[in-house]
Amino acid sequence: MSLNDPQWGKRGNQNAGPPDLDEIWRNVNRRMNELFGRKREPQEGDGGGRPGGGLPLGGAGMLVALIVVIWLASGFYIVDEGRRGVVTRFGKYTETTTPGPRWHLPFPIEAVEVVDFSQVKTVEIGYRNGNPRNKIAKESLFLTDDENIIDIQFAVQYNLKSAADYSFNARKPDDVVAQVAQTAMSEVAGHSQMDFALYEGRAQIATETEKLMQAMLDRYGTGIYVQKVTLQNALPPDQVAAAFDDAVKAKQDRERQKNEGQAYANDVVPRARGQASRLLQEADGYNASVTQRADGDASRFRQILVEYAKAPAVTRQRLYLDMMQSVLGNSSKVLIDQKAGNNLLYLPLDQLLKQSGAAVAADAARPVPPETAVTVDPSRTRELSRGREAGAGR
Amino acid sequence: MKATTPLLALLVAALLVLSQSLYTVDQKQYAIKFQLGEFIDAKTEAGLYLKVPLLQNVKFYDKRILLLETSDPDRVTTSEKTPLKADFIAYWRITDVRKYYQSVTGDEETARRRLAQTIRANLAEEINKRTLHEAISTEREKIMTTTRQKADADAKSIGVEVVDVRLRRVELPDEVLAQVYQRMESERKRVANELRSLGAAESEKIRADADRQREVILADAYKQAQKTKGEGDAKASATYASAYGQNPEFYSFYRSLEAYKTTFRSKGDVIVLDPSAEFFQYLKQPGGGPPASRSK
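Respectively, the protein sequence lines represent chains A and B. For the first sequence, this note's numbering assigns the number 1 to the initial residue and increments by one for each residue that follows. For the second sequence, this note's numbering assigns the number 1001 to the initial residue and increments by one for each residue that follows.
Take the hints with a grain of salt, since some may be wrong.
If you want a taste of the chain A side facing chain B, the calculated C-beta under 10 Å gives, among others [as the list claims (entries may be wrong)]: (1) 145; (2) 171; (3) 173; (4) 231; (5) 245; (6) 259.
A short list of chain B residues far from chain A (calculated; beta carbon distances all over 12 Å) [unchecked claim]: (7) 1034; (8) 1079; (9) 1081; (10) 1103; (11) 1128; (12) 1135; (13) 1136; (14) 1150; (15) 1232; (16) 1241; (17) 1273.
Derived by calculation from the structure, the hints in this document are not laboratory data. Every residue gets a Cβ at the ideal spot worked out from N, C-alpha and C, and that includes glycine.
Bound-form chain A, shown alone (with noise of 0.2 Å):
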């Protein structure tokens, strides 16, 4: 037996009880052989009336070795996957076993204990079962740095790194990791501000506490490895909830506000651009215009000027009759010879205006003529006019 422990013979006198055991059964077997060879037969064995000399004795060492091979079979263990096995020699630490079918040293040599390794566990701090709305206040609540109170939800996911430490070192590691979690984060609060754990500073805030706590249980030697913290909750107390709310509210009343007046911006500036271009498109068809006209005007002045050259005084008189003949064409007009008799002249002139106005109202009825439409825009005819002036002025 144990044959397959190369240290077994060290082991000295003190843990010399099983194979000497063995040798004493050995020994013993052969003396009972040469004492009661002879008087085997009268002799109650186990064997039941077996036949054969040896047997009884044989039943004996058969009974030892089923015993032995029990007791051998004890020392077989099953590692699950994601576990070790702890080993054990008189109580001093031998090996850890991974995972797969083990055999040990049976009782009382060696002794397994099979741990989670890298199952993952989670301890929950500041609520419970899962669900944050759990609420643990005497967990949850952390002083600040500046001396706010903030209520932190978290969880810590940890497994091991060295499940000897974990087994050895410390008693009930588990609660010592809620212990040292619970501590971890009350210090990193207490170096942080309010407002920075409560909004960007969330991450960094897990990162600390994983690192303070990973440091803090490897002083302990716990051999736990935390694999992660994660905030569920970083809230402002319940008590002062509805101010925070608001405080929120008005950040996005401020972007509401920002945006209203980009808003605004975005309406006035391009209608401004547009009018912009409009004034500009206008100002080049005035220009246009302006001196088209002009170049129109003085070329037909030109050539009337060549003609009245030729025969100033007939133009002249032609040019003269045919304007009285446009103006009195188209207006009301009333001969009055004065000197014939002007005692007693009644001119119904506001009846003689409404007649004409009558007229007028009939004439708009009737479609424009062609030489009417270029005075619609009264600006611009003002312009020109004004434009007009400005030349004739020279």
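Could you slot chain B onto chain A? The hints should help.
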């Protein structure tokens, strides 16, 4: 098997004696061997050891790191007289098991009480020297280290090492808490108001900037437009001047005629005329003068 029976009995007896004279010390434990109550020796290494049956007995003590929790936080005061509830957790370990046995008779509860008292007193003292802010934040580490050192020095006398002392929870008592909440609330209100007015200001700024841009754009365009128009006017003037300058007298005549035409164009214009005007010379007497034009 009758002959084997006494041998078996012998064997069992031998095993019994053996089991009584051997003992194992676990990796997690210390062992102290006593002989009739008298201390013989202490085993700190795990393994299999011998003892004299009946005469000697062995007691085991935990070698691992142990937790010391306080059930309820202590009330302490900071240097500015703010009451504070400080709750600590300590990690300790038996290092000298003989001393431990002698001083606290190996009773863990007694040891805990003793440690808790020392740590509590030291902690209160350390916090008392510091302001609230220091206790929470800046000097927290120092408080813990100093407390640990002092407690450790004291714990040596009972064979215990204080591995670490940590402030677990630092809380404000309820009456102070209410004030803190009030302060937090007003602070938030301040922040909210600030944000809102800041928003209004920013919005106004954007609007004003937009208005300014509009004015600038329009004025710019106006300037450009006037320039273009002026150029047109100037060019037109030059054209007119060069044309009309050829015969100013005729221009005056020609232009006046145009003006008359434009002035009297509506039926609403009533013209009162004297038939003696030159225009009507043929209306009265067909003879003499220029030939009559088409008249009414």
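Hint-by-hint comparison with the structure:
1. Hint status for residue 145/A: holds, given a least beta-carbon distance of 4 Å to chain B, under 10 Å.
2. This hint holds: residue 171/A has a C-beta 5 Å from the nearest C-beta of chain B, less than the 10 Å allowed.
3. Because the closest C-beta pair between residue 173/A and chain B is about 9 Å apart, less than 10 Å, the hint holds.
4. The restraint placing residue 231/A at the interface with chain B is violated, with a minimum CB-CB distance near 18 Å, outside the 10 Å limit.
5. Among the interface hints, the one on residue 245/A holds; its C-beta lies about 9 Å from the nearest C-beta in chain B, closer than the 10 Å criterion.
6. The beta carbon of residue 259/A is positioned within 10 Å of a beta carbon in chain B (closest approach about 8 Å), and the interface hint is therefore held.
7. No beta-carbon of chain A is positioned within 12 Å of the beta-carbon of residue 1034/B; the least distance is around 19 Å.
8. Every C-beta of chain A lies more than 12 Å from that of residue 1079/B, the closest at about 15 Å, which supports listing it as non-interface.
9. With 12 Å as the threshold on Cβ separation, the claim that residue 1081/B sits away from chain A holds: the shortest Cβ distance comes to roughly 15 Å.
10. Once the 12 Å rule is applied to beta carbons, residue 1103/B is consistent with being away from chain A; the minimum gap is 20 Å.
11. Non-interface call for residue 1128/B relative to chain A: holds, since the shortest CB-CB distance, roughly 18 Å, exceeds 12 Å.
12. Non-interface call for residue 1135/B relative to chain A: violated, since the shortest CB-CB distance, roughly 9 Å, does not exceed 12 Å.
13. In this structure residue 1136/B is not separated from chain A by more than 12 Å, as the shortest Cβ-Cβ distance comes to only about 5 Å.
14. Distance check for residue 1150/B against chain A: the nearest CB is about 19 Å away, which clears 12 Å, and the non-interface claim stands.
15. For residue 1232/B, the requirement that its beta carbon stay farther than 12 Å from each beta carbon of chain A is not met, with the minimum near 3 Å.
16. Not every CB of chain A lies more than 12 Å from the CB of residue 1241/B, the least distance being 4 Å, so the non-interface label is violated.
17. Distance check on residue 1273/B: its Cβ comes as close as 5 Å (rounded) to a Cβ of chain A, failing to clear the 12 Å threshold; non-interface status is violated.
In summary, the structure is inconsistent with hints 4, 12, 13, 15, 16 and 17 from the numbered list given earlier, while agreeing with the others.
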